[in-house]
Amino acid sequence: MDEQHHEHHHEHHHEPGFWRKYVFSVDHKVIGIQYSLTSLLFLFFGFSLMMMMRWQLAYPGQPLPWIGRLFGEANMPEGVMVPEFYNQLGAMHGTIMVFLGVVPLAVGGFGNYVLPLQIGAPDMAFPRINMASYWFLFVGGVVMLASFFLPGGAAQSGWTSYSPLANIAPVGQTAWLIGMIFLITSSLLGSINFIVTTVQLRVKGLSFFKLPFFVWAQFVTSFLLLLAFPPLEAAGVLQLMDRVAGTSFFLPSGLVVTGQPLEVSGGGNPLLWQHLFWFLAHPEVYVLILPALGIVAEVIANNTRKPLWGYRTMVYSLIFLGFMSFVVWAHHMFMTGMGTAMSTFFQATTMIISVPSVIILTALAISLWGASIRFTVPMHFALAFIPMFAIGGLTGLPLGLTASDLHLHDTYYVIGHFHYVVAPGTIFALFAGIYYWFPKVTGRMMNEKLGKLHFWLSLIFMNGVFMPMLFIGMAGVSRRLYDQTGYAHGAAVQDLTVLGSWSAWLLAVAQIPFIVNFLMSMRKREKVRSDNPWEATTLEWATPTPPPHGNFLTAPQVYRGPYEYSVPGRTADFWPQHLPEEAESPQPRPATT
Amino acid sequence: MSAEVEIPYAVKPHPVTGLFNGKFGIWLFLASEVMLFGALFSTYVLLRVGAEVWPHGYSLLNVPLATLNTFVLILSSVTMVMAWASLKMDDFRKFRLNLGATVLLAFVFLIVKAFEYGAKFEHHIHPATNTFYAIYFTLTGLHGLHVIGGILVNLYLLLPGSAMWRTEPERFTNRIECAGLYWHFVDLVWIFLFPVLYLL
Amino acid sequence: MNTASAEEVRKHVRVYLMVFAALAVLTAVTVMVSYFHLPVHTAVIVALIIASVKGSLVAGYFMHLISEEKIIYWVLGLTGAFFIVLMLLPTFTSG
Amino acid sequence: MSETAYGWWLPMNVATYGGEVDSLINVIHWIMGILFVGWGIFFFYCLIRFRRREGQKAVYQPIHARPAKYVEIGVIIAEAILLLSFSMPVWARFKGEFPAEKDALVVRVVAEQFAWNVHYPGKDGKFGRTAPQFISSSNLLGLDPDDPDGQDDINAVNQLHFPVNKPVIVRLSTKDVIHSFKIPVMRLTQDTIPGTEINIWFEADKTGQFDLACAQLCGLGHYRMRGAVSVDTPEAFAKWMEERQSEVSGTGTEY
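The listed protein sequences derive, respectively, from chains A, B, C and D.
Take the first sequence: its letters are residues 1 to 593, numbered as in our numbering.
Take the second sequence: its letters are residues 1 to 200, numbered as in our numbering.
Take the third sequence: its letters are residues 1 to 95, numbered as in our numbering.
Take the fourth sequence: its letters are residues 1 to 255, numbered as in our numbering.
You may find that some hints are simply not true.
[To be verified] No more than 25 Å apart at the CA atoms, straight line, and that leaves these computed lysine-lysine pairs for DSS-like:
{"hint": "1", "chain 1": "D", "residue 1": "Lys95", "chain 2": "D", "residue 2": "Lys166"}
{"hint": "2", "chain 1": "C", "residue 1": "Lys70", "chain 2": "A", "residue 2": "Lys204"}
{"hint": "3", "chain 1": "A", "residue 1": "Lys210", "chain 2": "C", "residue 2": "Lys70"}
{"hint": "4", "chain 1": "B", "residue 1": "Lys12", "chain 2": "A", "residue 2": "Lys204"}
{"hint": "5", "chain 1": "A", "residue 1": "Lys527", "chain 2": "A", "residue 2": "Lys449"}
{"hint": "6", "chain 1": "A", "residue 1": "Lys449", "chain 2": "A", "residue 2": "Lys524"}
{"hint": "7", "chain 1": "C", "residue 1": "Lys70", "chain 2": "B", "residue 2": "Lys94"}
{"hint": "8", "chain 1": "C", "residue 1": "Lys11", "chain 2": "B", "residue 2": "Lys94"}
Worth flagging that the hints you see were computed from the coordinates, not collected in a lab.
Because the structure is a prediction, the values reported are computed rather than measured.
Isolated chain A (complex conformation) (with noise of 0.2 Å):
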């Protein structure tokens, strides 16, 4: 993007067509290859982050080595991280991944791109709204990234930025603030262009219980940004106050930091900080889940080649979810003091929350029974996913009961939890979505042995990561430790963490097989041979490959329900959604030449 910027006083002695086309384009679908390629950025940056902050976590105290004496004196003098910058970068590793990385390919990747195409539309509702969604998320990003270099560095008070800690944190923090308020509005009006297409933009024909279950799940999860995200943004608002006009939002009174009593007026609440942030960042939560459910419902249906089992029970689980998901913030405050009446109130809508994930799991699995499973890259991926998030959310009970909640409570259980959730969870739906939308966005297939290479060593040293966390946490090592080894119990684990820190450097290696074969694939591999190399039956298959301008040369109509794959009585064993009745089977063709 950046070299783009540089090139603008040429604008005007170019083909008007360039800015237009490919930076400041309306077309969702570019819209959507910016969001991807940019959040896949960002969710490497973040990776790196981690990756930085595991050395100091195995080997805590040494230097660096080869790159530490790059990030200065003051982040890493003679190549050992200090404190505050570890800090930083597991504060910023958290806001990055969530909304600058996963939130921003789940949805305005993939939902922005393929949403569209898969009920017939031939962009979203409003263009610009959704062109401007992508360029706030990019200043948002900015501001973030630029804030490393604030004096005291970025923020780094967790990506939970909880007060008063935030309150007197350097500036960075701010800026933080600041981004965080361009990435809210960048949700707001994604999310709203989401849900008007949804409801304005389908064909003729397409019902709302014969949409994919993608567009079920991206419309469900635009009404938790819509909803969800501006208690955040007034919290970031009132947080903002504290900091710049000196009001006591969160503050009480009588603070005394560092021996100085805190010139405060006082009378604010700490808690009131936690219970807005958390009443976003639960639905978040589904945010990041919801998207990535929808992509492995598509990606089983199409390589089991039969109809998801349970298709309407799914949907009814998925909005019961959305729903829940608003009522079961303060179980992450457990511990914050809360009396008897309200914990029961959370374990209750957390223990109840539970069921229509178990559903919908269930439903997936029970997919494969009768099935043809066809082992391709995605498909792999995709039924990764399953397990990945069973262990995500079988991990999740504990920690939703109060009376276990009270060992487990901010230990690395927490995040071992919430990592299976989103990272062998989520991201691998996310790569089973670009293994199988990549033929659609840039008409050549992915190499398979490569993608495969890719899906086992991910799988081995992604569990390599997590894993050692359940137990780190089960120990009772607190999360958010510079260095553990000064407990006696978080030396007892060193070994684990050591253990998790190479798997985290083996991830990275992991991911080698996948940039090259991304790269190599936009460019080398051969083409498909047919608009529909999966044999798919969704609308997105009916365009031209890649899609023009506008999607579909004529307007289709649908027919029937989005999984119609191996009808009695058809040739082929699909029969895609804009089919009429009486026209021919399409023949099964092989993928590419």
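Fit chains B, C and D to the supplied structure of chain A, relying on the hints for placement.
Then chains B, C and D, alone, in the frame of chain A:
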């Protein structure tokens, strides 16, 4: 790719939902705004309930000025809806008058607000003074930003944007309707802010 | 509302003016009530009732909510539900 | 430090209610394990039996998955049981059934960046009045110098001693940011919230030396906010207390 793609129901209402895209979009936006101000109101309640003493708004703030501002904003809402109605009745001149009045009234609101703020600052009263003023300045400030946003939108629609009336009158009327919905919401927020901050 | 004909709109205009009058009167009432310095509980209830009536008038007539499409009601209903949860937040914090 | 206190699973338990927490954690993990393994068997069976091969055609008709329904109902029942018969009783006991103050050792713990001030009331059994304006480097608790109750108060920085088999009530507060008072062997975590004092209680049934950790990110020194927990025999505790007491009265003005 430079050619604009025609989006269905950008102007005409959808046969099932009965809405054109923009109107649905603006309502969703307002829904998110409800949650934004809701969170702030909730904050207000929480801080007030938790405080040992909480001043009465009327003993610290200028109620007559705020009452005046309430009238001004309500009036601007009426002119806004009249602007839309004028377009519906094909009376562009009356539309201009009404929308112009809306913008003017919005400016009056801001000027009165500026006097209120100025008086406070003169007495060295700032958001940092206490929690009451913190919430007062934050809520009215955020509301003021919404007023400024409304002025910008309405000014655009009044001046350069109104050229659309000649080419696509229906689309232009839709735009005014959406701008109106937003403006009424800004009014509605004030209707709650006024008693909560000034009268209680 | 965007289907309303010019004739209907003409009728609406009268309604708008009446609503304006009502809003003006209610504003005056709520300010007057505040001068009585009622006990806080009563004052809050009275002020919120008046504000709600005024808000409903604006939403109902200026924003045409009294004759709006079903889907808008759905969206606002959903928002309202979560808004209530949000309003309960202070009770959670003190619990 | 007992060598066996910490390992790769739950650390040693010394809390009287800790056994219930442990059994809940263990039961949940057994349920999780059974669900995961049983479900995994089904999963791999499907992957092998229904892989694409000659003659394997997918079945369009959905199967009647009654067993799945039973599993789901089973999960719901299991969760209800976990909640009602394990979690809530423990929580109710921990939160509600406070021991009487006269039967317990009452201490105040005031967290700060990055230390735990453990405030014992001293001989008179009364805590001196504290206020932020009195806080200084020689008066970390902010004890009011004019309050006679505070003259014999003890501040044991990062040292929490208490006798075995006697309930301990801790009044937790913080001077600055949120910290979290965590003693893994006590199966205990409690955030300290600025502006409020939160009471917790626990009782140890074994003696030994353990760790007190901070569990909530509180700044750059979060990782070294370690306190030493010593569960003593009543005699050892009395002796330790006496030593601390003599330090206080020896210098007269040190708190």
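Now the hints, each set against the structure:
In summary, the hint linking lysine 95(D) to lysine 166(D) is supported, as the alpha carbons are separated by about 17 Å, within the 25 Å threshold. Between the alpha carbons of lysine 70(C) and lysine 204(A) the distance comes to roughly 20 Å, so the proposed pair stays at or under 25 Å and holds. Pair hint lysine 210(A) plus lysine 70(C) holds up; C-alpha atoms about 21 Å apart against a cutoff of 25 Å. The suggested pairing of lysine 12(B) with lysine 204(A) holds, with an alpha-carbon distance near 16 Å, which does not exceed 25 Å.
Simply put, lysine 527(A) and lysine 449(A) have alpha-carbon atoms about 17 Å apart, close enough for the 25 Å limit, and the pair holds. In summary, the hint linking lysine 449(A) to lysine 524(A) is supported, as the alpha carbons are separated by about 15 Å, within the 25 Å threshold. With a CA separation close to 32 Å, the supplied pair lysine 70(C) and lysine 94(B) exceeds the 25 Å bound. Between lysine 11(C) and lysine 94(B), the direct Cα distance comes to roughly 17 Å. Compliance with the 25 Å bound is thereby established for this hinted pair.
Against the hints set out earlier in the document, a violation occurs for number 7 only.
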